[in-house]
Every structure is written in structure tokens, then in C-alpha cells.
Amino acid sequence: MDRMVWSGGQPGKVAVPTDWSHNKTILFVSENFGSGHTKAAEALAKGIEEKDPEIRVQLVELGRHLRPQVNQALLYSYLGMIKKAPFIWRKVYGRHHERSFPRWLQWCLHQTLYSSLSKYIAQYQPQVVVSTHPFASSGVARLKRAGFPLKLVTVITDFSAHGSWVHPEVDLYLAPSTDVMRQLMQMGVHPARIAVTGIPTESRFWKGKDSDEARKQLGLKQLPTVLILGGGLGLGRIDHLARLAAKWKGRLQFLYCTGRNTKLLETLRQNPELQHPHVCLIGYTESVDQWMDAADVVLTKPGGMTCTEAIAKGKPLLLYGSIPGHEEENSRFLEKHGLAEKLKNEEDLDLWMQRLVQDPQCLQEIRENMLRWRWNIHPSKSVDAVHQLMTSSSVR
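With the working numbering applied, the sequence shown has no gaps in its numbers, which climb one by one up to 743 at the end.
Since the hints were derived computationally from the structure, they do not count as laboratory data. Check each hint, because a few of them may be wrong.
[Said to hold, decoys possible] Only pairs whose alpha carbons sit at most 25 Å apart, straight line, appear in this in silico SDA-like list of lysine to any residue:
1. LYS398 <-> LYS431
2. LYS689 <-> ASN723
3. LYS596 <-> THR614
4. LYS430 <-> GLU688
5. LYS594 <-> ASP697
6. LYS556 <-> THR632
7. LYS689 <-> MET534
8. LYS431 <-> ALA589
9. LYS563 <-> SER550
10. LYS371 <-> LEU406
11. LYS371 <-> SER739
12. LYS596 <-> GLN711
13. LYS556 <-> GLY685
14. LYS398 <-> THR609
15. LYS398 <-> ILE435
16. LYS563 <-> TYR631
17. LYS594 <-> HIS623
18. LYS728 <-> ALA539
[Said to hold, decoys possible] Just the calculated beta-carbon pair ranges, DEER-fashion:
19. LYS563 <-> GLY535: 51 to 59 Å
20. GLN705 <-> MET534: 41 to 49 Å
21. ASP695 <-> GLY427: 24 to 32 Å
22. LYS691 <-> PRO538: 31 to 39 Å
23. GLU560 <-> THR525: 34 to 42 Å
24. PRO515 <-> GLN708: 47 to 55 Å
25. ASN723 <-> GLN637: 22 to 30 Å
26. ASP557 <-> PRO624: 29 to 37 Å
27. ARG403 <-> ASP695: 26 to 34 Å
28. HIS537 <-> GLN637: 38 to 46 Å
Cβ coordinates follow ideal geometry from the N, Cα and C atoms, glycine included.
Required output: the full structure, derived from the provided sequences and hints.
In C-alpha cells:
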């Protein structure tokens, strides 16, 4: 017999079966506020499919699917804030750093983006929902609190645990590091509900290739090579970094990856200083792993996914520019563990380019730290943790 539960706030109801806990379905939910959240979901979903082909896997960016116009407005506002008024985002981020969203804020989020989420979840009847964004975690936690019979996994995609990730309805947290595990415990999460797995990455980032061979396959010059990444949205100070090529393009090779920021890509293409055989303008690409293979160093803002991919490849990180809040905390974590060097200004950029020219092995210590640390975050760990939860019998 089906029972009825409120879909949340609206005067409609949705029928929810009393038990769908034996459905071999995992629903991965994310948001498109930065590409790293969805990339983590995709990596984990692929790993689950490879481990157990009988499991049905579905992935969706919730806001873009359920309320596309509202989602686009929120994305536009978010990007505008971090570009033009980053201090506002820093304040918003810090306000709820060590505590979960209050119920009123969860209700507002539900009304804005997730008012039809209950029907969507009921359509797929997943045994497990895996969320890679705090908004999505909040929406699913609210449904679980209302009685939806599912297990909820939250994948933290930065190297710090913000309070917005934390909900009592979460069955399992996948933490990037033991540091994040300790932060979750300080916020009241029982250690039995935390698995230290690293941020899920696709297996192709764990397959290394000789840099010279990779450069040859991509038609690049055999020079010390700097890969400059701005994330999937093309954020970061890539336009500022164009001055690097003007000064060092005779002795170094630069690969500029601008993400989905087509306006920035066109601006760089029109810059005469970048019209040089040692400068390659890539734009958005699904083959970042191949470009990483060709690079000696990755120069990027400290996004959780980008940095994890570089660590998996064993490519030293130079960090320049960051979104306030989560990326600043990522930078502190990576510096603390010797996985990156933070560059504060253009003088630091010049210094490291000079070091790379004079001694291509100048980043060897970071590379060795990565090779030691990365075995704590092998992609099979996150796959195994989710699969084990799915095959256990209890639904909290």
C-alpha cells in the first residue's frame, strides 16, 4: 500500500511507496555552479557502473532540470558576485561556515528550486541518492525528513567542510581528507558516517603518460610547459596571466584553457602577444587529462576538482587567484600538505617561471608529496563506499 507525504510547502501531495529500498537505482544529483560538482558525480557514477553493471544510474543537475530559468538567474548572480563583489560572497560563505542551513533557508531554497523535487525522486525511486552539491543535499535531506525511504550520500567537493553540507539525514559523507573528517566530527557527525575517499575523479586521471610523448601526440613543442586552467566556467585571472606569455614565451610553452568562457577565449585570441607557436589557446575541453600529461606544472585557481585531478596526475600546482571562501580554504589545505605553492602577485609568477626555465625539476618536492598523498584518495575508495552502503540492509 502506498502512503502519502507532503511534497513540501505546496498544497499538493505525492504518492510515495512505503518501501523502494530494494530498487538497484542510484540517483546522482548536482548543480552547475562550477563544473567540479557535476564532474565528481560523473566520475563516481562511471565507477559504480563499472563495478556493478546491474545498478541503474541516473545523473541530473537539479536546478537546471527542475527550474531552468531560476537556476540561470542564480548562476548569473553568483558569477557576478564573485567577479565584481567577492567580499559579499566571502561574508555569505562565512556566515554559515560551522552550522547547517537553518530550516527557513532550506524552505526558501525548496520553494525557489526544488518544489517539484519530490515528484522527480518518486519517479526514479532510487535506493540511494548521491549529492555533490550542498543545495542538492539540502533538498534531498528535506524529503528524507518527510519520509522518503532512501539513503543519502553527500560528496564534499572541497578540502574544507562548510556547514551547508551537514544534515542529520545524511547516511554517509565522502570526505576529501582526514582534515575534513575531523571538521565534520566537530560539527556533530558520527565518524561511522564518514569515509575518507578523496574527491571522486575519473580513472583516466590516474593513468600517467610521459610528458615528452604527450606533447608529441598533441603537436606541441618540447619545452617546459605550463598548463593554465580557469575551471569549467573559465573563472580565475587568466586574462592577467596573458602577460606571462609576453615575457616568457621564448623559453616556455603555455597552454591556456579558458573553460566555457568564450568571451575570454576570443579576447586572448585577439591579443597579438599570444599569436606565437609556444602559446596554445584551448578553450573548453573534455580532454584535460591529455593536456595535463603534456604539462610540467599546472597554474590554476584552487578549485577542488581541478586540484584533485592534478594531484592524481602528479602534476605540481601553482595557485593564483581564488574565489573567496571555499577556494581560499582549498589553497590553505594544499599549502599545508605541500601539494601546491600559492602565488600572491605577478612578481611571484615571474619568480616561478624563472625557476622553471633554470631548473625544470624545481617542483620535484611537490611532485613527491603528491605521489605519497594521492594513494589516500584512490577512486575505488568512493565507489566501494557507496556500493557498500547500497548493499547494506538498513535505511535510516
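task: May I ask you to test the hint 29 to 37 Å on the CB atoms belonging to ASP557 and PRO624?
output: violated (22 Å)
message: With the threshold set at 25 Å, check whether the alpha-carbon distance from LYS398 to LYS431 stays at or below it.
response: violated (44 Å)
query: Quick one, are LYS556 and GLY685 close enough, alpha carbons at most 25 Å?
result: holds (23 Å)
query: If you draw a straight line from the CA of LYS431 to the CA of ALA589, is it 25 Å or shorter?
result: holds (20 Å)
message: With the threshold set at 25 Å, check whether the alpha-carbon distance from LYS371 to LEU406 stays at or below it.
response: With Cα atoms ~15 Å apart, LYS371 and LEU406 stay inside 25 Å; holds.
Pairwise hint evaluation, GLU688 against LYS430, where the allowed Cα distance is 25 Å at most: holds (23 Å)
- request: Take a look at whether the Cβ-Cβ distance between PRO515 and GLN708 falls inside 47 to 55 Å.
  value: Holds - the Cβ-Cβ distance for PRO515 and GLN708, about 49 Å, lies within 47 to 55 Å.
- prompt: Is LYS594 within 25 Å of ASP697, Cα to Cα?
  reply: holds (9 Å)
query: CA of LYS398 to CA of ILE435, is that 25 Å or under?
result: violated (43 Å)
task: Confirm or reject the claim that HIS537 and GLN637 have a C-beta distance inside 38 to 46 Å.
output: holds (42 Å)
- request: State, for the Cβ atoms of LYS691 and PRO538, whether the hinted interval 31 to 39 Å holds or is violated.
  value: About 37 Å separates the Cβ atoms of LYS691 and PRO538, which means 31 to 39 Å holds.
task: Could you check the hint for me, namely that GLN705 and MET534 are 41 to 49 Å apart, CB to CB?
output: Since GLN705 and MET534 have Cβ atoms about 46 Å apart, the given range 41 to 49 Å holds.
Figure legend: structure checked against the earlier numbered hints; hints not met, in rising order: 1, 7, 14, 15, 26 and 27.
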